[in-house]
Amino acid sequence: MFNDKSILITGGTGSFGKKYVKTILARYKPRRLIIFSRDELKQFEMQQDFNDPCMRYFIGDVRDFDRLLQAMNHVDFVIHAAALKQVPAAEYNPMECIKTNIHGAENVIRAALANNVEKVIALSTDKAANPINLYGATKLASDKLFVAANNISGGHRTRFAVVRYGNVVGSRGSVVPFFKQLVASGAAALPITHPEMTRFWITLQQGVDFVLTNFQRMHGGEIFVPKIPSIRILDLARAIAPEVDTKIVGIRPGEKLHEIMCPADDSHLTVEFGDHYVLSPTIMFNGRADDFSRNALNEQGRPVKQGFEYNSGSNDHFLSIEQIREFDQLAHA
Numbered sequence: 003m004f005n006d007k008s009i010l011i012t013g014g015t016g017s018f019g020k021k022y023v024k025t026i027l028a029r030y031k032p033r034r035l036i037i038f039s040r041d042e043l044k045q046f047e048m049q050q051d052f053n054d055p056c057m058r059y060f061i062g063d064v065r066d067f068d069r070l071l072q073a074m075n076h077v078d079f080v081i082h083a084a085a086l087k088q089v090p091a092a093e094y095n096p097m098e099c100i101k102t103n104i105h106g107a108e109n110v111i112r113a114a115l116a117n118n119v120e121k122v123i124a125l126s127t128d129k130a131a132n133p134i135n136l137y138g139a140t141k142l143a144s145d146k147l148f149v150a151a152n153n154i155s156g157g158h159r160t161r162f163a164v165v166r167y168g169n170v171v172g173s174r175g176s177v178v179p180f181f182k183q184l185v186a187s188g189a190a191a192l193p194i195t196h197p198e199m200t201r202f203w204i205t206l207q208q209g210v211d212f213v214l215t216n217f218q219r220m221h222g223g224e225i226f227v228p229k230i231p232s233i234r235i236l237d238l239a240r241a242i243a244p245e246v247d248t249k250i251v252g253i254r255p256g257e258k259l260h261e262i263m264c265p266a267d268d269s270h271l272t273v274e275f276g277d278h279y280v281l282s283p284t285i286m287f288n289g290r291a292d293d294f295s296r297n298a299l300n301e302q303g304r305p306v307k308q309g310f311e312y313n314s315g316s317n318d319h320f321l322s323i324e325q326i327r328e329f330d331q332l333a334h335a
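Throughout, my numbering is defined as the position within the sequence shown, counted from one, plus 2.
Derived from the structure by calculation, the hints contain no laboratory data. Small disclaimer: the values here were computed from a predicted structure and weren't measured. Errors might be hidden in some of the hints.
[As the list claims (entries may be wrong)] The calculated lysine-lysine pairs, modelled on BS3-like cross-linking and capped at a C-alpha distance of 30 Å, are:
1) K249 - K307
2) K31 - K21
3) K146 - K7
4) K31 - K121
[Stated by the list, open to error] Per label pair, the in silico range of CB-to-CB distance:
5) Q308 - A116: 14 to 22 Å
6) S176 - E324: 15 to 23 Å
7) D293 - R159: 27 to 35 Å
Even for Gly, the Cβ is constructed at its ideal location relative to N, Cα and C.
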């Protein structure tokens, strides 16, 4: 699917972008693989590892429509991974979060339509479901923009979809490297926000593979959600450093006790497949009558029960302490 195609990823110097590029180069032969991001140092560092002739590095910000318009020229596929993602930072800097996560999403959509891009997948987060923090609220708005973009595409071939998943093991700025840094510095205890806190858990490679497959599955307008395990934060601390004590420090600004990926209020829109769920769009698209219970790979799903909620606290798959360690090793393989 990606051979001899041009692919652009916004925020491409992040953890997801690097793993995505490594995977694409190993499996396919793209014509161009474009990294679009605003940090010249991170791009320089990434070029030391990824310098295949197909690689292109564009300095730019998703807030800048004209630069996106130029970067997407003759591009076939776009992954929108750029975002301001730190929950407390978003609470303290709300306008900056809105400019990147909402206005930036709008710019990506407009640039993709103007360049007649074939398919766009935007990365979302479990925090966008029933959001209580600004980051989650901006990502919910972004999700809605990408879904509705299928209704304004008109005569364009462009189709848009969303991939939503939970915490990525070991990604930059996440809890695993934070805990490991504390342990390495000799911390007497690891800070736990709440003893009952849970999170969905996925490796970068699983996230990348899920996105790649959904480019083939999508009709346009879906929110794809993988079936993944949950962890207890206390178990995570015990898995990383069983000999180190823990201390309860309280929930941070805008933080949830448990995360949700498929809200109960959307159960009438949710379709279950073998290894994932699909949240069908709430709106009808002009001139289209897609059956979201059967995807473009001809996989058949079924509606979930009324009131179904995919919640990290009530998930039927929790990792044990030993399995958390195995996941961590897998993430660094």
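For the pair we were handed, K146 and K7, check the Cα-Cα distance against 30 Å. holds (27 Å)
Hey, K31 versus K21, does the alpha-carbon distance stay inside 30 Å? holds (16 Å)
Q308 paired with A116, Cβ distance criterion 14 to 22 Å: Given a distance of about 41 Å, which is not inside 14 to 22 Å, the answer is violated.
Please work out if K31 and K121 have their alpha carbons no farther apart than 30 Å. Measuring from Cα to Cα gives roughly 18 Å; hence the hint holds.
Does the Cβ distance between S176 and E324 fall inside 15 to 23 Å? Roughly 21 Å apart at Cβ, these two residues keep to the hinted range, so it holds.
Lying within 27 to 35 Å: is that true of the beta-carbon distance D293 to R159? For R159 against D293, whose Cβ atoms are near 20 Å apart, the range 27 to 35 Å is violated.
Hinted pair, alpha-carbon criterion (30 Å max): K249, K307. Please report holds or violated. With Cα atoms ~39 Å apart, K249 and K307 exceed 30 Å; violated.
Hints 1, 5 and 7 from the earlier list are contradicted by this structure; the remaining hints agree with it.
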